[in-house]
Structures are given as C-alpha cells and as structure tokens.
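Protein sequences appear in the order of chains A and B.
Just so we're aligned: 89 in this note's numbering is position 89 of the first sequence, and the numbers increase by one with no gaps anywhere.
Numbers given in this note's numbering equal positions in the second sequence, counted from 1, plus 1000.
If you are wondering where the hints come from, they were derived from the structure by calculation, not from laboratory data.
Do not rely on the hints blindly, as some may be mistaken.
[Said to hold, decoys possible] Once the Cα atoms are required to be at most 20 angstroms apart in a straight line, the calculated EDC-like pairs of lysine to aspartate or glutamate come out as:
no.: 1; chain 1: B; residue 1: K1184; chain 2: A; residue 2: D43
no.: 2; chain 1: B; residue 1: K1062; chain 2: B; residue 2: E1195
no.: 3; chain 1: B; residue 1: K1184; chain 2: A; residue 2: E37
no.: 4; chain 1: B; residue 1: K1196; chain 2: B; residue 2: E1432
no.: 5; chain 1: B; residue 1: K1292; chain 2: A; residue 2: E75
no.: 6; chain 1: B; residue 1: K1292; chain 2: A; residue 2: E33
no.: 7; chain 1: B; residue 1: K1292; chain 2: A; residue 2: D50
no.: 8; chain 1: B; residue 1: K1062; chain 2: B; residue 2: D1178
no.: 9; chain 1: B; residue 1: K1292; chain 2: A; residue 2: E77
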Amino acid sequence: MSTPKLAPIQLMATQPIPQQEPLEQQLVHLVSERLLETQPGFDADSNLYDSGLDSMAIMQLLILIEEEYGVALPEGELTRQNFSTVRSVAGLIRARAAAPTEG
Amino acid sequence: MSAAARSTVRLPVRVTDCFLLAHDDFMQRTRQGRHVTQSLIELDRVPDIEKVRAGLMRLVQKHPRLVARLRRDWRTLLPFWEVPTPPARGLPLGLWREGGAPGSLVGAVEIEGVMDRLERAMAEPLAEEGIDFKARLDVIELRDGRAIVALSWSHLLIDGKGAELLLAELGRLCDGVDLPCDVKEPPPVVLPWNEKLKRTKAAVAHLENLAKIGAPSISGPRPRAGRGHYWNLTLSPEDSTRMTQRVEGMVGSLFPMAFYVACTARAHDRVFRHRGVQPRGYVASVPVQTRKRGARGPLFHNHVSIFFFCAQRAQLGTIEACATAMKQQFADMMRARLDESFLAVLDMMMRLPSWLFMRVVRWQFKGEIASFYHSHTGVFAPELLEFAGGRVTNAYHFPCFAVPPGTGLFFCERGGRVNITLAWREGVLSGEERRLMIGQAMEDLFGEPRPELLHGL
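Take these sequences, add in the hints, and give me the full structure.
Encoded structure:
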C-alpha cells in the first residue's frame, strides 16, 4: 500500500523559528488558545491525549504548524508517541526545520 | 397556573440547531416520528431508583431547557427557545423488566423484548402531562440481573456529546453532587454578509463537485413512514485490540476516522451490489465536533459541523484504497476549513422556514441528503464510572435520522471495547441485506469473514 500524503511533500521554505520565547512555550500557548481546553498547570510535558487531543485536533495542529512555522511534518513522523506532548511535537518541528531542503 | 409558573426566558438557538429543527420537522411531516436519539449505559446491577428519581427532578430544576419550547420570532424569522419556570417534577421515567429477570426493579413492567422497548421509547412522544420534555429515561432490568439505562433525547436541544455530558451530570445529581457542569458558550462570530458569503464558497464548491457523483442512498430519495431499528455489537477486548491494530496499520494511529468512513462506504456498497446496482460513488455525512477539545461543554445546543466524504467507484475496490482516499479527503477538507465553511452555509439559511430549509438541503442531491450517516465518537463519557449505585460496564448511542438516507453505521468505544451500531429505518434493509452489510464491515475490520459476529441481525 502506498503511503498517503497529508500535506504537499515538498518542504516549505523553512522559516527561522522565532526565538523570543522557547518553541515549547509558543506551542503551549498555541494549543491552549486554539486547540484544546487545557487545565491550569498545562505545560510542555502534559499528556495531550488526556487534554482531549483527537484526530480533528491533530489535523488542525499539523495545519497550524505549517502556517506558523512553515514546516510540513512527514507522514512517517505522525505517530501517537510523537504527538503525546508539546515537547515531543516541538522536537519534530526542530528536526524538520533543520533538515536539508528537498529538491 | 401562577404568574411565576408562566414566566419564561428566551434563549437563542445556534446555527446547527436550525438544521436539526428542519430535520425534525421533515421527520414529523413525513410520519417518521421525531428526531429523538438514544444514549445507553449498561450497569452491572439495577440502579437505586429513588436516587434516579431525585436526580431526574434536580436535573430539570437545574436545566429548565429540558422543558423548553421552540418558537420562531416573526420579526427576525429566527427560531428561539422559550424556557419556562421548571415544573415540580422530574424527567419522565420508565421502569421495565425483561421476562425472567430477578425482579429487583420494583414497579417495573414486564416486556417481551429489550430492543423493541428501546425502539418504542424513541418513537413515543417525549411530552407528558402537557409539559414539553426534551428527554426521558428508561431503566430495564435484564434477565441476568444487569440493567440498561436509556436516555432518549431530542436532537433539537443537544447533540451526542451533549448527551454524554448530560448523562454524567445526571449521574452526579443522582448522588446529590451538584457542581457547575457547563462551560460558557463562546459568543457566536458575527460577520458582515459579504464575509459570510465569502466563507460559504468552499463548502458550496465542495457540494457542487459531490453533486456530480450523486449521493444515492439505500432507501432512495422518497421519504417513508415508519420507526427506526437498531442492532448493536460490543466487541470483546481481544477483538477490539485486534481491530484497532489493523486500523492503525492501514491509516496510522492518528486518523482512524478515515478507515471507519471507508468501511461504512464499502458495507453500503455491498448491499447496492447485491441489488445489482453499482452507483458512481457515495457521499458520507460525518458530523465533526466544534466544541473545543477537552472542554466539559457546552452541554446544550448542537455543536457540530459536517464533513461530506465521497467514496467513488474506483476507490471502493479494496478497503486499503478506500481508506487511503478518505484520509486524503480528510486532510483536504481540514485544510480548506470546510467545517467552518459549512457552518457559514447553515448560518445563511437560519431564517428559512423548516420546509424550505429542508428543500434546499435535498435539492443538491436530487431529493437525497447523503448516501448514509456515519460517526466514530471515540470514548463514550469516560468520566461516567458509576450511575446511581451501579457500575457502568458499557455505553453507546442509537442515532436517529430520517429516510432518506435511512441507514447508518456508527462506532464508539468504552472500557477498551468497540461498539458497532447499525441503524436503519422501517422497510429500508431486509434481514439478508443487514447480514451482507455487517458481514462486509467485519471482513474489512478484521481482514477476514467473522460470521459468528452477525448474530441478532
């Protein structure tokens, strides 16, 4: 079976990740404000699934990551483990942003 | 009636409520009953009925919308809820006992069949003693001493997620625990008309493309009188794990929805092929939540939009091909913000009288609404562990809808077990066709035929 693509496979022109606050902190704000009704104390290590992350929210998060950071996460990285915390998502973004541009 | 009893509060309806209002009106006009869905929990024992009665009383006092009446403002043309002072009684409660049950449920009436009783509860009027109840509760003592608690609710007032929250709220109130249980509804986004119109374009273009394929349903486009029927299967923990692993192997662990849509499309296609028909494709209507994830509310109103998936003939050959296509469509629809766009379309239609609203809905697909309904609602009320002294051992929904399309396949989970519910309207599916449909679904879910799981069809 061929692996379906969720986003255009070409790596978008990687934008420098804004450094005024740690990526993890930016993502915590993004998730809290736009995706999940998080509880007080929610941080980069909180379990996203316990906070209500589901298929719709993951897809929204992928699109937000593309829009905010210009990073399209590849299909192979879309695992339950990789989306379990904000910290693990931040790791994916960093790794992808640092990867050489295809084509 | 005293002046205090006559005082009312006026509350607005939400965008999606107007679709449900039109649908409810359509069902009523075509002698299909009302749009009443059921949410069921199974208990390890009969609940404490005095606690249940007290809980139902507190529920109505705390949430008087449960006796509200829907009206239309003839100046704005918008429907609204007229919420009265709550009556001094609780929601209607039915007590029933399966033949041969131990008899722990005092005052219960003996019944022939459990499913027949549940279906009747959905088909009978919710109003009682002149009060416009929007829900009722039925408790059935089973032969083995366990019990089923069924909340039948009007889709005008709440949606499936709201029903789960309402059951959890009732469970707390039965135990005398009265906590703030709702979240403040986000204020509706008010856009100028030109912005609204712009926002509708993606959904309109999407629907126009789907109209070229068509949305053939098993029932056909003509409405048909009659009530709904249901079949539910709870998979064993082992089968649930096996099935989930297969789904994840095909579409990944993050987007199981795509697989279930594909499975439902192929199950329906099996019936069409049995009838010697091979349509160009099918349009699946899949509700998607618009509540913020993780929120405990809002409890009331319908907080859903719709994704219209399309399974075309070339994609229906294998479950792998179909699931892959549905996954790509899911990503495309999210990217195009079709959920928001579809809500904008509904927003533009809010002022239409129900009959005209429904005519617009059915116009696109030449009398059809969709080929079938489907949803995968995830884990059913995970916070609801006990109910009035009984341990919750399982939970699922019996969704209600009209002819057309007359059929739907639904999935949810509870305690690591998957529930599969087939719903069909009177006269739409024969017994043989139900077995063919579910047989195909099982083959796709497990990768091999599972005839032993087709009992009761």
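Enumerated hints in conflict with the structure, sorted upward: Of the numbered hints given earlier, those the structure breaks are 1, 2, 4, 5 and 9, listed in rising order.
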